[in-house]
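Build the full structure now, drawing on both the sequences and the hints.
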Amino acid sequence: DSGVTQTPKHLITATGQRVTLRCSPRSGDLSVYWYQQSLDQGLQFLIQYYNGEERAKGNILERFSAQQFPDLHSELNLSSLELGDSALYFCASSLDVAGEEKNIQYFGAGTRLSVL
Amino acid sequence: DAKTTQPPSMDCAEGRAANLPCNHSTISGNEYVYWYRQIHSQGPQYIIHGLKNNETNEMASLIITEDRKSSTLILPHATLRDTAVYYCIVTRGSWGKLQFGAGTQVVVTP
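Protein chains in written order, with the working numbering: chain A, 1 to 116; chain B, 117 to 226.
Hints are computed from structural coordinates only; laboratory data are not their basis. Where a beta carbon is used, it is the ideal one built from N, C-alpha and C, also for glycine. It is possible that some hints are incorrect.
Unchecked claim - Here are some chain B residues pointing at chain A (derived, C-beta under 7 Å): (1) Ala134; (2) Pro160; (3) Lys213; (4) Phe216.
Rendered as structure tokens:
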């Protein structure tokens with residue numbers, strides 16, 4: 001158990017719909033990362049939040065957005081869903097203390113999204 | 117971050133050592149080598165990391181060549197539970213995304 005909790009585990013929805021994926025990081029971790037894993041693209045970084053602020057962005061679509069709340073949990077919102085958004089979505093957390101050499105990210109079990 | 121090259125797949129017999137190579141010829145002086153693995157659609161799991169010295173922990177050993185252009189992850193006694201995709205990632209230390217490539221699919225056979 002990594003200590004990172006993602007809900008729901010599975011999500012089935014229709015094209016055009018909007019969904020919210022939730023992530024609770026490990027206790028004390030300040031950074032949350034979101035990754036997407038599809039069959040043809042592999043694991044792709046989407047976005048990072050650090051202590052409530054957006055830190056870095058990857059190839060995240062404009063239809064997708066995320067936020068990190070004061071209690072450090074994070075939500076990934078996916079809207080106007082398309083068939084190609086079907087994928088595994090992973091959240092990871094890390095401590096990310098300034099000056100610390102380690103960049104160990106702890107991953108949740110993922111949310112499997114199926115868009116029909 | 118430097119690009120890495122790994123073989124797409126390798127087999128290993130249970131109980132034997134598995135040696136997983138990774139090339140990272142463009143690595144910079146301040147970049148670390150990290151290894152993660154992903155067991156069939158589970159979340160990736162951290163294994164080990166290093167800068168220039170060899171490292172060992174309870175899961176594996178990491179051997180980095182003197183010129184740092186390549187490294188080898190060693191699973192000393194592979195078990196069936198070690199069947200997974202292994203990712204070699206080069207990144208700077210404290211911050212930032214992990215850039216996953218295609219990794220090496222390791223199959224441990226009885």
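Results for each hint:
This hint is violated: Ala134 of chain B has a C-beta 21 Å from the nearest C-beta of chain A, more than the 7 Å allowed. Because the beta carbon of Pro160 of chain B sits about 5 Å from the nearest beta carbon in chain A, less than 7 Å, this interface hint is met. Below 7 Å, beta-carbon pairs count as interface contacts, and Lys213 of chain B has one with chain A at about 4 Å; its hint therefore holds. For Phe216 of chain B, the interface hint holds, since its Cβ comes within 7 Å of a Cβ in chain A; the closest pair sits about 4 Å apart.
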